[in-house]
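Chemist: Chains as they are written, first to last, in numbering that gives the first Met the number 0: chain V, 0 to 221; chain D, 0 to 244.
Be a bit skeptical, because a hint or two may be false.
Calculated from the model, a selection of chain V residues having no Cβ within reach of chain D, i.e. all distances over 10 angstroms [as the list claims (entries may be wrong)]:
1. Trp1
2. Leu83
3. Leu85
4. Met153
5. Ala167
Ranges of calculated distance between the beta carbons of each label pair, as one might list FRET restraints [what the hints assert, rightly or not]:
6. Val118(V) / Pro112(D): 33 to 41 angstroms
7. Val131(V) / Asp163(D): 55 to 63 angstroms
8. Met68(D) / Gly126(V): 49 to 57 angstroms
9. Ala107(V) / Met68(D): 51 to 59 angstroms
10. His83(D) / Asn23(V): 24 to 32 angstroms
11. Glu159(V) / Ile203(D): 38 to 46 angstroms
12. Ala208(V) / Arg192(D): 32 to 40 angstroms
13. Glu219(V) / Asp211(D): 30 to 38 angstroms
Everything labelled a hint here was simulated from the structure, so no lab data went into it.
In this text, all values refer to a predicted model and were calculated from it rather than measured experimentally.
Every residue gets a Cβ at the ideal spot worked out from N, C-alpha and C, and that includes glycine.
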Amino acid sequence: MWRDAVLVAAKDLRIEARAKVALNQVVPYALVVLLLFGFAFDQDRPLLVQAAPGLFWLAVLFSGLLAAQRSFSIEASDAAIDGLRLSGLEPAGIFLGKAVAVGAQLVALEVLLTGGIVVLFHTELTGAGLLVASALLSTAGVAAAGVAYGALSMGLRVRETLLPLLLAPVLAPVVLAATEAWRAALRLSTGDGWRWLGLLGCFAAIYLAGGVLSFGALMEGT
Amino acid sequence: MVLSVRLRSAVALAGRYPLLAGADLDVRTGEIVVLRGANGAGKTSALRVMAGLLPLAAGQASVLGLDPMADARALRRRVGLLGHRNGLYDDLSAEENVYFAVRAARLPKQAVPSALERLGLREGLRTLPTGRLSAGQRRRVALAVLLARRPELWLLDEPYAGLDAEHRELLDKLLREVTEAGATVVLATHEDRTAEVLAGRVVIMAAGSVVDGLLPDEATGLPSRAADVAQPGACRASLEAPFVA
Numbered sequence: 000m001w002r003d004a005v006l007v008a009a010k011d012l013r014i015e016a017r018a019k020v021a022l023n024q025v026v027p028y029a030l031v032v033l034l035l036f037g038f039a040f041d042q043d044r045p046l047l048v049q050a051a052p053g054l055f056w057l058a059v060l061f062s063g064l065l066a067a068q069r070s071f072s073i074e075a076s077d078a079a080i081d082g083l084r085l086s087g088l089e090p091a092g093i094f095l096g097k098a099v100a101v102g103a104q105l106v107a108l109e110v111l112l113t114g115g116i117v118v119l120f121h122t123e124l125t126g127a128g129l130l131v132a133s134a135l136l137s138t139a140g141v142a143a144a145g146v147a148y149g150a151l152s153m154g155l156r157v158r159e160t161l162l163p164l165l166l167a168p169v170l171a172p173v174v175l176a177a178t179e180a181w182r183a184a185l186r187l188s189t190g191d192g193w194r195w196l197g198l199l200g201c202f203a204a205i206y207l208a209g210g211v212l213s214f215g216a217l218m219e220g221t
Numbered sequence: 000m001v002l003s004v005r006l007r008s009a010v011a012l013a014g015r016y017p018l019l020a021g022a023d024l025d026v027r028t029g030e031i032v033v034l035r036g037a038n039g040a041g042k043t044s045a046l047r048v049m050a051g052l053l054p055l056a057a058g059q060a061s062v063l064g065l066d067p068m069a070d071a072r073a074l075r076r077r078v079g080l081l082g083h084r085n086g087l088y089d090d091l092s093a094e095e096n097v098y099f100a101v102r103a104a105r106l107p108k109q110a111v112p113s114a115l116e117r118l119g120l121r122e123g124l125r126t127l128p129t130g131r132l133s134a135g136q137r138r139r140v141a142l143a144v145l146l147a148r149r150p151e152l153w154l155l156d157e158p159y160a161g162l163d164a165e166h167r168e169l170l171d172k173l174l175r176e177v178t179e180a181g182a183t184v185v186l187a188t189h190e191d192r193t194a195e196v197l198a199g200r201v202v203i204m205a206a207g208s209v210v211d212g213l214l215p216d217e218a219t220g221l222p223s224r225a226a227d228v229a230q231p232g233a234c235r236a237s238l239e240a241p242f243v244a
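Chain D with its partners taken away, still in its complex shape (with noise of 0.2 angstroms):
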């Protein structure tokens, strides 16, 4: 089994304050997983490790058999990540932000429409400023750069945001349509639908920390955390880590 991603004792601190305080988490290539969690569990934070724009302060992470800090650029090149906000420029329109990222991307232009078709942006809304558009369209214009980026792990926080019941349907058939052609996903959402609609599996965080959903040991092949997470004094034991070294 191929591991997209795997966490050990994740610790990433904003000041002093711990964002993830040792979360464990393994993910297969070409699985959907779910994070689940209150909010300030950590599902955005796991999700910027993963994509390497959080560093760790303690513990091990390896993204698609890269390490997040140490290879950050070759690991950005084939990560997709879809924040809460959506990484667009107002005063462009949909087809440029797109064709920018595509570009950026070094891959052809041709990309481009085909991924504003899937996403169902029209003729009329490519070339609208996307400052212009409603949530719902911006978020679509995002997926679209997600899409057109063909990244191998698209991380993905809270994606459902502002789409209707039309496209959030569109969103489920694109995201397995992914994962079929053997791309990863993981997206945090507090939807209770999502799981179950795209098969994925789900994995509950709270207090920085994974506390349910991890793999079973015999499928990683690697040392499990599970019971020490679930112990009260590991996430102590994790945060003073970083301290005490």
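Next up, chain V with everything else stripped away, as it sits in the complex (with noise of 0.2 angstroms):
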């Protein structure tokens, strides 16, 4: 399973490096959409500095969105999903793999927008190990519960838009407490970011497990 998880990252990871939609339309995307958080509350920056770990976070949700969406279009465009069927590959493993990929594409934006809040929210960045920790496990909440909506909307016409309508209340419980976790960090409120960490947690777990018992039941549904 780890073999074929690594060979399917590797594989997604190439494909994003040459076609580089990630860098030139998901990262811009995300800049944008904080910018126009900016623009929304410009006339208040407490309220700005106060709101912004769940700006991040809610850019990060619409991305992984875009990620999700993307990690199957490739899969879809020369029907590639039928050679991965057939391929012989272990369904936990290319499910793992793909979380793996969009994981690491998320990470990367996260590190820029973790500069955009700074820049444009005068963000102060403290708790570096709650930050880093639970920006981890919400990367790994989201990349899995993306993979898996991903493989079971791909055979649907309409998985463009119903993929976001599936996908965001799902991982609704992962940006709530990855805000909490970073406003707890940031020094923005009182409140325990380790037990919203732990939280993160059971939930990454969840959704990873969900994926790897499930994912082989989705794909013979594309």
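Mind assembling these two chains? They're in different frames, but the hints should get you there.
Modeler: In structure tokens form, the structure reads like this:
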């Protein structure tokens, strides 16, 4: 399974490196979303600082939807999904490989967006350990759910519009917990960020386990 | 005689629409079978059933001695399918596409250059993204993927599409070689020349059934349905079976 995951992740990341869809479309989109949030709250700088973690994770959520959609559009474009089903690869390995590839792109995006909230929202970065740990667990949750639901919607003609509708409610708890963990790390709230981190860990574990167990059946439905 | 494929009263549906309507088919190991028939006759569906990609709603299927649905994963490793589309990643080169397929099948990467060479994909073409290749070149890359995977059963849907005369001959030769080496080939094509050139057995399909070209009963040792299939009512009876059940 792990060998298959490495093979699929390397393939997907190589395709992204060539196509540069993440670099040319997803990153600018996420930065524009942050900028628009900035315009919306421009008159209220303290509120903008308070809201920065939530806006950051909303931008990550929107970008995660695009990345998940992209992960399966490369399989659909020339019926490559049939080749994947005939390849002999473990479905769990395919799932993990795709999740790792989506997650790696999201981590790179989060680094850029962190710079964005520092510059645009004047956020002071504190609590680096909690920031990084919660970002990694949130990314794992977003990537795992994105890939599982991407496979689920792949065989449908209306997948481009259906995927956000299916995925956004599933990821709402992740966005909420990640926002609270970041608010605690950035000292914008007095809550215990490490408890939110535990919750993020639970979500990531559930989505990863669910994907590993169900991905074979989801692929058969495509 | 060993059979690689045996379909009996095979019914496959898309919703309530019958893709296969009680098809019977036997393919001997090492044989080349050419599926012929009008558009919508069920050729592509038959190939997808044999690959374990399309489930049967009724009837029986045995491919390489396995049940295509119950043993789908074990079967798929041993089958190669070239569909209407090539199944390639546009942003990967020919070499990378074949490499991925070979590694996924747990085969040594030494199979990659020889397969590309065999399909006439020389140095310059191998490193270009396949999205920038012509239709015929992309078809050859897809065939190189199949060749490198060394399947026991080759399922080809219009494999000559986009190929020029030189590469059609090359494909003919390749198919003869793989069958001589023990593989079995089932291909669907509208081309008249194919069966004669490949010395293959022609099987005619219409309305989701095989209407001509079945093996004689004494050859398969299995109960004949050829006479039934020729009767218009037989298709209807086969179609009704899953709904009645």
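Chemist: Are there hints from earlier that the structure breaks, and if so, what are their numbers?
Modeler: 2, 3, 6, 9, 12
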